[in-house]
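**Q** Single-letter residue listing:
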Amino acid sequence: MSTWKEFTKGILKENPVLILVIGLCPALAVSSSANDGLGMGIASLFVLVMSSLVVSALRKVIPSAIRIPIFIIIISTFVTIIDYVMHAFQPELYANLGVFVPLIVVNCLVLGRAEAFASKNSVWLSVVDALGMGVGFALALTVLGAIREMLGNGTLTLFNIEMLNFGPSFKPALIMIMPPGAFLTLGFLMALQKRMSEK
Amino acid sequence: MITNDLSWYFILISALLVNNIVLIRFLALCSFFGVSSKVETSVGMGFAVMFVMVMACSMSWAIYEFILAPYNLEFLRTAAFILSIAALVQLEELYIRKMLPELYKQMGIFLPLITTNCAILGAAFLAIDYKLNFFNTIIYAIGVSGGYMIAIILFAGIRERIELAPVPHYFKGYPIAFITASLMSLAFLGFSHLFGL
Numbered sequence: 001m002s003t004w005k006e007f008t009k010g011i012l013k014e015n016p017v018l019i020l021v022i023g024l025c026p027a028l029a030v031s032s033s034a035n036d037g038l039g040m041g042i043a044s045l046f047v048l049v050m051s052s053l054v055v056s057a058l059r060k061v062i063p064s065a066i067r068i069p070i071f072i073i074i075i076s077t078f079v080t081i082i083d084y085v086m087h088a089f090q091p092e093l094y095a096n097l098g099v100f101v102p103l104i105v106v107n108c109l110v111l112g113r114a115e116a117f118a119s120k121n122s123v124w125l126s127v128v129d130a131l132g133m134g135v136g137f138a139l140a141l142t143v144l145g146a147i148r149e150m151l152g153n154g155t156l157t158l159f160n161i162e163m164l165n166f167g168p169s170f171k172p173a174l175i176m177i178m179p180p181g182a183f184l185t186l187g188f189l190m191a192l193q194k195r196m197s198e199k
Numbered sequence: 200m201i202t203n204d205l206s207w208y209f210i211l212i213s214a215l216l217v218n219n220i221v222l223i224r225f226l227a228l229c230s231f232f233g234v235s236s237k238v239e240t241s242v243g244m245g246f247a248v249m250f251v252m253v254m255a256c257s258m259s260w261a262i263y264e265f266i267l268a269p270y271n272l273e274f275l276r277t278a279a280f281i282l283s284i285a286a287l288v289q290l291e292e293l294y295i296r297k298m299l300p301e302l303y304k305q306m307g308i309f310l311p312l313i314t315t316n317c318a319i320l321g322a323a324f325l326a327i328d329y330k331l332n333f334f335n336t337i338i339y340a341i342g343v344s345g346g347y348m349i350a351i352i353l354f355a356g357i358r359e360r361i362e363l364a365p366v367p368h369y370f371k372g373y374p375i376a377f378i379t380a381s382l383m384s385l386a387f388l389g390f391s392h393l394f395g396l
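Read top to bottom, the protein sequences are chains A and B.
Numbered by my numbering, the letters in the first sequence go through residues 1 to 199 in order.
Numbered by my numbering, the letters in the second sequence go through residues 200 to 396 in order.
Don't take every hint at face value.
Just a sample of chain A residues kept apart from chain B, beta carbon distances all over 10 Å, derived [to be verified]:
#1 Lys60
#2 Met86
#3 Asn107
#4 Ala173
With a cut-off of at most 25 Å between alpha-carbon atoms, the simulated SDA-like pairs for lysine to any residue come out as follows [stated by the list, open to error]:
#5 Lys13(A) <-> Leu385(B)
#6 Lys304(B) <-> Leu353(B)
#7 Lys9(A) <-> Gly372(B)
#8 Lys194(A) <-> Phe370(B)
#9 Lys371(B) <-> Thr3(A)
#10 Lys330(B) <-> Gly98(A)
#11 Lys304(B) <-> Lys371(B)
#12 Lys194(A) <-> Arg358(B)
#13 Lys13(A) <-> Ile375(B)
#14 Lys171(A) <-> Met150(A)
#15 Lys194(A) <-> Tyr294(B)
#16 Lys194(A) <-> Gly389(B)
#17 Lys13(A) <-> Lys171(A)
#18 Lys13(A) <-> Lys371(B)
#19 Lys5(A) <-> Gly98(A)
#20 Lys13(A) <-> Phe117(A)
#21 Lys171(A) <-> Ala285(B)
#22 Lys5(A) <-> Met150(A)
#23 Lys60(A) <-> Ala285(B)
#24 Lys13(A) <-> Gly233(B)
#25 Lys371(B) <-> Lys171(A)
#26 Lys304(B) <-> Tyr294(B)
#27 Lys171(A) <-> Phe370(B)
#28 Lys120(A) <-> Leu58(A)
#29 Lys194(A) <-> Tyr373(B)
#30 Lys371(B) <-> Leu12(A)
#31 Lys9(A) <-> Lys194(A)
#32 Lys194(A) <-> Arg360(B)
#33 Lys199(A) <-> Ala285(B)
#34 Lys237(B) <-> Ser391(B)
#35 Lys371(B) <-> Thr157(A)
Bear in mind the hints are in silico, worked out from the structure with no lab data behind them.
Think of the CB as a built atom: it goes at the ideal place given N, C-alpha and C, for glycine as much as any other residue.
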């Protein structure tokens with residue numbers, strides 16, 4: 001039961017983007033379409049789960065005085081892996097995400113989970129926690145991207161497949177896929193979340 | 200797109216206004232929302248970021264140019280840059296605490312935060328991606344951090360006023376801050392294509 005709780009807390013109750021307000025830079029920058037948001041979410045999920053796994057496995061060996069540099073080396077190893085894998089297999093997505101792929105290394109979410117959870121808990125619980133947080137992050141990015149893409153472009157694309165197209169009669173609000181739309185959408189999503197949680 | 204062909208003041212304006220690091224490029228948002236509740240602290244944060252960014256960009260340029268590129272070690276750049284920036288921030292903290300205690304009192308608390316400020320690492324990566332030479336890298340770093348300072352000081356000023364304004368209950372705190380940032384970003388979009396940049 002507690003395992004299930006560790007998993008679901010990241011998705012709703014402690015959602016990294018909407019509640020904890022961390023990992024904002026990639027969340028806003030790459031969410032101009034649902035597909036990019038999902039791609040970034042999956043890349044971050046991979047880094048988060050793998051680094052939590054390694055950090056918690058090594059937690060008894062790492063001296064606490066130099067733990068932060070060690071966490072950073074572990075994280076940057078997996079960031080480099082996903083950087084090169086994405087470059088090779090998803091060149092179009094990689095071009096869209098740009099500098100934000102190597103910047104996963106300074107995403108406060110990854111280092112935050114390593115420091116606050118994985119360095120104190122067992123491997124199994126750390127992986128479950130990272131999975132929950134990563135899925136919550138990916139979900140927030142995809143929802144943000146989907147809203148912006150539908151309002152700003154009149155389409156919805158997931159896994160490179162066009163799911164929805166409002167057709168030529170729909171007049172898209174271009175502002176939604178430009179930078180101001182990112183701040184605006186997240187502001188309204190947060191207000192909506194606050195309203196739902198207080199009811 | 201910034202290249203070495205542009206003269207230095209175009210690079211400066213492009214980094215400062217047209218491609219503002221916070222409002223247009225979406226970097227350094229954590230500290231932008233976290234440390235912007237008072238104008239005074241945001242001025243301190245702005246200067247601390249400028250100081251570290253110029254040092255970090257020139258150092259990472261040297262590391263890339265003299266160590267990574269000649270030995271085909273480009274794949275190590277993520278690890279090399281973040282570690283050297285973390286070490287640099289530590290050294291600077293020690294140095295300022297010893298030599299300039301007055302300054303340390305003013306910006307000491309911000310220095311450790313800067314290691315995880317993604318604008319520093321982001322600017323280092325972008326300067327490499329644009330293939331800038333050493334002089335232009337420094338100009339670019341000054342422009343980027345100046346843009347950060349403009350954005351965070353303006354934002355802090357607005358937030359101080361919002362504290363006193365009647366905001367709908369569900370929009371208090373972060374939601375209204377994001378909507379404010381959205382309007383500021385809209386204003387900065389007005390600079391796009393300035394001088395064809």
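**Q** Take the hints in turn and mark each one as holding or not.
**A** Cross-check of the supplied hints:
no.: 1; hint: Lys60; result: holds, 23 Å
no.: 2; hint: Met86; result: holds, 13 Å
no.: 3; hint: Asn107; result: violated, 8 Å
no.: 4; hint: Ala173; result: holds, 12 Å
no.: 5; hint: Lys13(A) <-> Leu385(B); result: violated, 32 Å
no.: 6; hint: Lys304(B) <-> Leu353(B); result: holds, 24 Å
no.: 7; hint: Lys9(A) <-> Gly372(B); result: holds, 22 Å
no.: 8; hint: Lys194(A) <-> Phe370(B); result: holds, 8 Å
no.: 9; hint: Lys371(B) <-> Thr3(A); result: violated, 34 Å
no.: 10; hint: Lys330(B) <-> Gly98(A); result: holds, 15 Å
no.: 11; hint: Lys304(B) <-> Lys371(B); result: violated, 32 Å
no.: 12; hint: Lys194(A) <-> Arg358(B); result: holds, 20 Å
no.: 13; hint: Lys13(A) <-> Ile375(B); result: holds, 21 Å
no.: 14; hint: Lys171(A) <-> Met150(A); result: holds, 11 Å
no.: 15; hint: Lys194(A) <-> Tyr294(B); result: violated, 45 Å
no.: 16; hint: Lys194(A) <-> Gly389(B); result: violated, 32 Å
no.: 17; hint: Lys13(A) <-> Lys171(A); result: violated, 36 Å
no.: 18; hint: Lys13(A) <-> Lys371(B); result: holds, 19 Å
no.: 19; hint: Lys5(A) <-> Gly98(A); result: violated, 35 Å
no.: 20; hint: Lys13(A) <-> Phe117(A); result: holds, 16 Å
no.: 21; hint: Lys171(A) <-> Ala285(B); result: violated, 48 Å
no.: 22; hint: Lys5(A) <-> Met150(A); result: violated, 33 Å
no.: 23; hint: Lys60(A) <-> Ala285(B); result: holds, 24 Å
no.: 24; hint: Lys13(A) <-> Gly233(B); result: holds, 21 Å
no.: 25; hint: Lys371(B) <-> Lys171(A); result: violated, 32 Å
no.: 26; hint: Lys304(B) <-> Tyr294(B); result: holds, 13 Å
no.: 27; hint: Lys171(A) <-> Phe370(B); result: violated, 28 Å
no.: 28; hint: Lys120(A) <-> Leu58(A); result: holds, 11 Å
no.: 29; hint: Lys194(A) <-> Tyr373(B); result: holds, 10 Å
no.: 30; hint: Lys371(B) <-> Leu12(A); result: holds, 20 Å
no.: 31; hint: Lys9(A) <-> Lys194(A); result: holds, 16 Å
no.: 32; hint: Lys194(A) <-> Arg360(B); result: holds, 23 Å
no.: 33; hint: Lys199(A) <-> Ala285(B); result: violated, 44 Å
no.: 34; hint: Lys237(B) <-> Ser391(B); result: violated, 29 Å
no.: 35; hint: Lys371(B) <-> Thr157(A); result: violated, 33 Å
Of the numbered hints given earlier, the model fails hints 3, 5, 9, 11, 15, 16, 17, 19, 21, 22, 25, 27, 33, 34, 35; all others are met.
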